[in-house]
Amino acid sequence: MADENWIEVGSTDSIEEEDLIRFDHQDKTFCVYRLTDGFYATDGICTHEAVHLEDGLVMDDEIECPMHQGIFNIKSGEALSPPACDDLKTYPVKVDNDKIFIKIN
Amino acid sequence: MNKKIFILGGGQSALYAAREIRKNNRDAEITILGEEKFIPYERPPLSKDFLLNKRIDEDLYFCSKETLEEEKINYLNTIIIKVDFENNILVSEDNKQYTYDTLLISTGSKNRKLNINSEVDDEIFYLRNLEEANNIKEKALGKKNILIIGGGFIGLEIASSFSQLNKNISLVEVGNQLMGRIIPNQIADLVKQFHENEGNKIILNKTISEITKINEKYKILLNDNTEIISDLIVAGIGSIPNVGLFENTKLKLDNGIVTNEFCETNIKNVYASGDVSNFYHPLYAKYMRLESYQHAQNHGLCAGKNISGIKTEYSSIPWMWSDQFNLNLQLTGICDDYDEIVERGKRIDDGIIYFFLKNKKIKGACGLGIAGKVGRDIRITSKLTEKNTIVDSSLLSDQSQKLNKLIQK
Ligand SMILES: Cc1cc2nc3c(=O)[nH]c(=O)nc-3n(C[C@H](O)[C@H](O)[C@H](O)COP(=O)(O)OP(=O)(O)OC[C@H]3O[C@@H](n4cnc5c(N)ncnc54)[C@H](O)[C@@H]3O)c2cc1C
Ligand code: FES
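One line per chain: the protein sequences are A and B, in this order.
Going by this note's numbering, the first residue of the first sequence is number 177, and it counts up by one from there.
Going by this note's numbering, the first residue of the second sequence is number 646, and it counts up by one from there.
In isolation and in its complexed conformation, chain A is listed as follows (with noise of 0.2 Å):
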């Protein structure tokens, strides 16, 4: 059975190993990662001040913000470095054929 919440962001090969794409979903921003081990998705804003994260850099499992490098970890959304304080929210990621799916609800 289809399951609805799962939103369709692109194919696999759109995003290049440790790197990332931004994807607008209705209002919301999110980013969604390749990492070496797979695909992540998590909120595209920092949570420090409104910055797209989609212009951040990404080194292993985290993402450093580009405004004033506070740092995630993309995986858990733990904030890991100041002045990142609060955590960023993550989504289920799923490949299907080739293509990525992300839950948002």
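FYI, nobody ran anything at the bench for these hints, they're computed from the structure.
There may be inaccurate statements among the hints.
What the hints assert, rightly or not - Dumping the calculated DSS-like pairs for lysine-lysine here, alpha-carbon to alpha-carbon at most 25 Å:
#1 B/Lys699 / B/Lys649
#2 B/Lys1028 / A/Lys251
#3 B/Lys1005 / B/Lys956
#4 B/Lys699 / A/Lys265
#5 A/Lys204 / B/Lys699
#6 B/Lys649 / B/Lys897
#7 B/Lys699 / B/Lys717
Claimed, not checked - Sample of chain B residues facing chain A (criterion: CB under 10 Å; computed from the structure):
#8 Phe707
#9 Lys1018
#10 Gly1020
#11 Arg1024
Where is the CB? At the ideal position from N, CA and C, for every residue including glycine.
Since the structure of chain A is already known, use the hints to place chain B with the ligands on it.
Same frame as chain A, but now just chain B with the ligands:
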């Protein structure tokens, strides 16, 4: 008996050092002695979101009082007026004495003050701490015309915040460019244009000759006889390391407290970190004093490790930012020692970066962009500088090419 570790100065560097020491040592007595009545808080928002009423006091603390209690880090609100390095004793204004086994000095820096005329000098506002930020905010209520003296980061950030609150800003800078001491002129010119487009009046190459108070207003006369009328004057004319306490002691001073790459001073068991320290940087092979958020944090962490017995060299590549309007400026490394300049990008919307190279290696870079547009490339640049990587300048200048290709794993 447990080791007594005292940290003099209650700012960012002090706090990061204290928490790092606790991580490595469960039993030491750790006490921060700070003259402010607040536990350590972030200063960057004071000139930005705090003035804009987007953030309040409670949002600024690095951690809560409860966290300090849990980690058994004491914060004592007291002013230290004397340090006796012979007998390891700190003396407070209320005549209490504290004996230390190890001392970390993180007294930060203080604002340089103007000396114009005694009638108005005390009415000029400065911004370094929460109390001053509250005073400026309160004083600016209902005022329209604001004069800012000094075109450094803090002056420009205050200009940006007050302009967003619909005030008329005049900013007077003595130098021939903004942020003259450390920012390349290419970026400084872009910042100036941006402020002017937002309606701020930027006056370079001028000094203040005279300020007179007429009723509740100030009449400011510049050295070219231009007159400015203002309701409030705020100055940001640079800062100096907070070392008054140590003059005439055996602690080695030279533009701050001289420390080696392990945060050690010339006195055994006495360390220094943050704005107050003039430290040896092994990668640049020279001494430097930095006033930045990232440095205060990382230098504090490094001091904390060394105090805990984990010998750690401090070799972070300098990095700082300034936010003005919706612009984000970032600086990494040092931009005054180069044989080639490479420009990347043409529009602030996509980010513009100037790289400063010597022998094909990046020594520093400065970028300006809307929100976080230059952040990733500046971060990659710091890594390239750290690794002393030889770079292809045609790749640096081509914004369609991603810079992470340059990082060798
Ligand atoms: C308004 C403002 C905006 C800034 N914006 C940015 C920015 O956008 N980006 C950036 O990278 N950096 C910014 N900075 C710089 C950054 O905040 C500082 O570099 C950093 O706070 C330095 O930390 P520190 O712990 O070394 O010193 P401080 O934070 O200055 O702390 C030192 C503390 O020691 C106390 N003290 C001094 N002497 C004594 C004594 N005798 N007894 C007891 N206590 C004492 C002082 O009162 C102070 O509380 C800004 C600074 C200011 C003031
Ligand atoms: S906006 Fe992300 S760390 Fe500040």
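The hints, checked one at a time:
With a CA separation close to 40 Å, the supplied pair B/Lys699 and B/Lys649 exceeds the 25 Å bound. Only pairs whose Cα atoms come within 25 Å are accepted, and B/Lys1028 paired with A/Lys251 is accepted, the gap being roughly 24 Å. A hinted pair counts as satisfied when its Cα atoms are at most 25 Å apart, and B/Lys1005 with B/Lys956 does not qualify at roughly 32 Å. With a CA separation close to 22 Å, the supplied pair B/Lys699 and A/Lys265 stays within the 25 Å bound.
This hinted pair checks out: A/Lys204 and B/Lys699 have alpha carbons roughly 22 Å apart, not beyond 25 Å. Between the alpha carbons of B/Lys649 and B/Lys897 the distance comes to roughly 23 Å, so the proposed pair stays at or under 25 Å and holds. Restraint check for B/Lys699 and B/Lys717: the C-alpha separation of about 32 Å exceeds 25 Å, so the hint is violated. Checking B/Phe707 against chain A by beta carbon gives a least distance of about 7 Å; that is within 10 Å, so the hint holds.
For B/Lys1018, the interface hint holds, the least distance from its beta-carbon to any beta-carbon of chain A being 6 Å, beneath 10 Å. Given hint, B/Gly1020 at the interface with chain A, holds; its Cβ is 3 Å from that chain's nearest Cβ, closer than 10 Å. Among the interface hints, the one on B/Arg1024 holds; its C-beta lies about 5 Å from the nearest C-beta in chain A, closer than the 10 Å criterion.
In terms of the numbered hints stated before, the structure departs from hints 1, 3 and 7, listed from lowest to highest.
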